[in-house]
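S.K.: We have chain A already, so just place chain B on it with the hints.
Residue numbers (my numbering), protein chains in the order written: chain A, 293 to 664; chain B, 293 to 664.
Where hints are given, some of them may not hold.
Said to hold, decoys possible - Quick list of in silico lysine-lysine cross-link-like pairs, BS3-like style, CA-CA up to 27 Å:
id, chain 1, residue 1, chain 2, residue 2
1, B, K334, B, K362
2, A, K661, A, K604
3, A, K400, B, K400
4, B, K346, A, K346
5, A, K334, A, K346
6, A, K400, A, K334
7, B, K362, B, K346
8, B, K346, A, K362
9, A, K346, B, K362
10, B, K334, B, K400
11, A, K630, A, K604
What the hints assert, rightly or not - Computed far set for chain A versus chain B, every beta-carbon distance over 12 Å:
id, residue
12, D415
13, H495
14, E571
15, F617
16, A625
To be clear, the hints were calculated from the coordinates, so they are not data collected in a lab. Beta carbons are placed, not taken as given, at the ideal position from N, Cα and C, and that holds for glycine.
There are 2 protein chains.
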Amino acid sequence: MSNRQLSGHAIVLTMFILGICAVAPAQRQRSVVSPEVGADRKITFRLRAPEAQKVLLTANFLSESQPLTKDAEGLWAVTVGPLAPEIYEYNFVVDGLSIPDPVNPDVKVWRRVSRSMVLVPGDEPTFFEVQPVPHGTVHIHAYHSQSLDVTRGLYVYTPPGYETETLRRYPVLYLLHGSGDTERTWTVVGRANVILDNAIAQHQAEPMIVVMPYGHIPTGDADRSRARRHAAFATDLIEDVMPYVRRHYRIRSGPEHTAVTGLSMGGAQALRLGLGHPELFGWLGAFSSAVPGAEELDDLLAEPESLNAQLKLLWIGCGKRDFLFEANQRLLAELEAKDIEHVAHLTEGTHEWRVWRRYLNEILPLLFKTNH
Amino acid sequence: MSNRQLSGHAIVLTMFILGICAVAPAQRQRSVVSPEVGADRKITFRLRAPEAQKVLLTANFLSESQPLTKDAEGLWAVTVGPLAPEIYEYNFVVDGLSIPDPVNPDVKVWRRVSRSMVLVPGDEPTFFEVQPVPHGTVHIHAYHSQSLDVTRGLYVYTPPGYETETLRRYPVLYLLHGSGDTERTWTVVGRANVILDNAIAQHQAEPMIVVMPYGHIPTGDADRSRARRHAAFATDLIEDVMPYVRRHYRIRSGPEHTAVTGLSMGGAQALRLGLGHPELFGWLGAFSSAVPGAEELDDLLAEPESLNAQLKLLWIGCGKRDFLFEANQRLLAELEAKDIEHVAHLTEGTHEWRVWRRYLNEILPLLFKTNH
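This is chain A alone, in the form it adopts within the complex (with noise of 0.2 Å):
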């Protein structure tokens, strides 16, 4: 087995799909695999419900649900493809009920009903698969937030070798997620980490610190204005988050080191902070962003000049048949009008993580670059 197809999180789809648990032989015979990936890039999903009348698969690789077939057991299954390298995600419909894939622990958990996940390797290995290259370490926290007077999570990436350079300090990403999303979700289900470790072994990417921040508000604070959340979540962010980082990691300071970038909610957030304080990150991008209103954009672009001073990157992206599409070209729009420099990256897709893990290895070249 090459490496490249494990890592903590693939360990656990690898692990079930190879079926490598010491169990007794008589339950092994009886355990379902699902989904079991084929080298021909075929896919077949299993299912053991004797007693369902239909189960359809549905996932993101496919327009229309399709039907599982029952055999003498009881056990339904499909197989589709071939697909093309990719993560995916599916669920099944149980006689009208989703649910993820109740075999496959690699789960993207979610507000709703969660999905479950299976990755499909390239003959080279794309720039989301574990591969031999140096590996650095994500770090799990629990801070106190003063501004908000709560516990939260907080997960940061740190760069191979920053264990053993003692003396070197880093520039640092804030990468902010959706609303569906935790602190967890960008490297679960977005692979940051990897894509990370990928781009910095290809000197795609400067090594970096990517702090990973939870974006939702406590409640008591829901019935708040969606601007009050932005200004709660942005003074959590400024006035606990970032000193916090600065106590525990060796970072670069000053906006010409600092990067924030977020896709839908947490590319709203991305874009008032940035927008908001040129003078804190220098380096701003937006992943099929959630867009504020024309008044509160009208005041995030009222100095076109002092922008185009200060900050060092400015980069929209997002797929044209996202939701948010005619959204984010208001945004363009306005942005041309005001002579603010700026990327428009618009492309093929929807809103989902196929998109937003290719926008973070796209974006990941042109942060920190010195001679901008």
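M.R.: Just chain B now, kept in the frame of chain A:
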């Protein structure tokens, strides 16, 4: 909201329960809230499944499954309890198909059918709840195992103050998982980091580094005998994991500063490591452990006086309704017969995490005591 309800782990659940996420109001009304833990410690479980004929709740707090009832909109629900403070596990059984709660992101992933988890808090916070005390950090590594020729995941807990007290060195506990688990399970399900934070804050545990490796052996070796798989794991731990930990962390070396404990399969691994290498591990714990066969055990216990001289702790814990209880009684009888000093910790309970969280909490005060 009190701090102690929030952690990297509990945040996900809490966020979900409280419906914090920024969703459109129309969507929010339609989302199903499950599980909902009341102030009275009753829990309501809900599932939207209009086409289902029969939905049951199975859980480790129920002796038999409980039916849910359906309302006119196809929303099934049942309220149970009040329950004692604990982290419980449950599934829904929908027309015979066992599934995790599709809207609860707190999932215990598992080889066959994943289970959902729900925390019922106590009036006073229990030892596994996040409390307003200093928090350590969990580090996620990917390391290359030379002995297994594969890249594997590794979780490492460092105690509060590790990042700032940069001259201090710490003892190390190697904490091994069971056969259905991965390197994540001791933190995500077992809450080892939370238990350590609380025990250290109460001066019930020495500040220590906890190393949680991945305990399975890659495929291809699946046909090896159990003893050979254990030997391959021991080689990986001693020749790859331990040097990696020495390079990356400020540890204290030597058996008086090194402990190994594990549960089930990991208990057998710990017994083989600790009894086989008392020159490396001075403190040994086996939780609900699988027990090596008679011949191998004879080898491991061949030099009682040497073990008594070298081991500072040999701690055997098992629940009386555990399917491995008889095997552990045989092990204890052998230790008695050979006059090998040990602690027999026989408790209520079966083969499950409610027991193992407690065992970890109970063994911590015994580790690394200098005047043993």
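S.K.: All hints, please: hold or fail.
M.R.: So, going through the hints one by one against the coordinates:
1. Among the hinted pairs, K334/B with K362/B is consistent with the structure: their alpha-carbon atoms are about 19 Å apart, no more than 27 Å.
2. Taking the CA atoms of K661/A and K604/A, the gap is near 9 Å; set against the 27 Å cutoff, the hint holds.
3. With a C-alpha separation of about 13 Å, the suggested pairing of K400/A with K400/B holds against the 27 Å cut-off.
4. Distance restraint check for K346/B and K346/A: the Cα-Cα separation of roughly 15 Å lies within the 27 Å cut-off, and the hinted pair is therefore satisfied.
5. Note on K334/A and K346/A: the hinted pairing holds, with a Cα-Cα distance of about 22 Å set against a maximum of 27 Å.
6. Restraint check for K400/A and K334/A: satisfied, since their Cα atoms lie roughly 21 Å apart, inside the 27 Å limit.
7. Of the supplied pair hints, the one linking K362/B and K346/B holds, its CA atoms being roughly 9 Å apart against a limit of 27 Å.
8. Note on K346/B and K362/A: the hinted pairing holds, with a Cα-Cα distance of about 20 Å set against a maximum of 27 Å.
9. With a C-alpha separation of about 20 Å, the suggested pair K346/A and K362/B falls inside the 27 Å cut-off, and the hint holds.
10. Note on K334/B and K400/B: the hinted pairing holds, with a Cα-Cα distance of about 21 Å set against a maximum of 27 Å.
11. Annotation: proposed proximity of K630/A to K604/A holds, straight-line Cα distance about 17 Å (limit 27 Å).
12. Consistency note on D415/A: stated as away from chain B, and its beta-carbon is indeed over 12 Å from all of that chain's, at 19 Å minimum.
13. With a cut of 12 Å on Cβ distances, H495/A stays outside the contact zone with chain B, its closest approach being about 20 Å.
14. The claim that E571/A is not at the interface with chain B holds, since no C-beta of that chain comes within 12 Å of its own (minimum 27 Å).
15. Distance to chain B confirms F617/A as a non-interface residue, since its nearest Cβ pair spans about 18 Å, more than 12 Å.
16. Interface exclusion of A625/A from chain B stands, the closest Cβ pair being 25 Å apart, more than 12 Å.
Comparing the model with each earlier hint shows no violations; every hint is respected.
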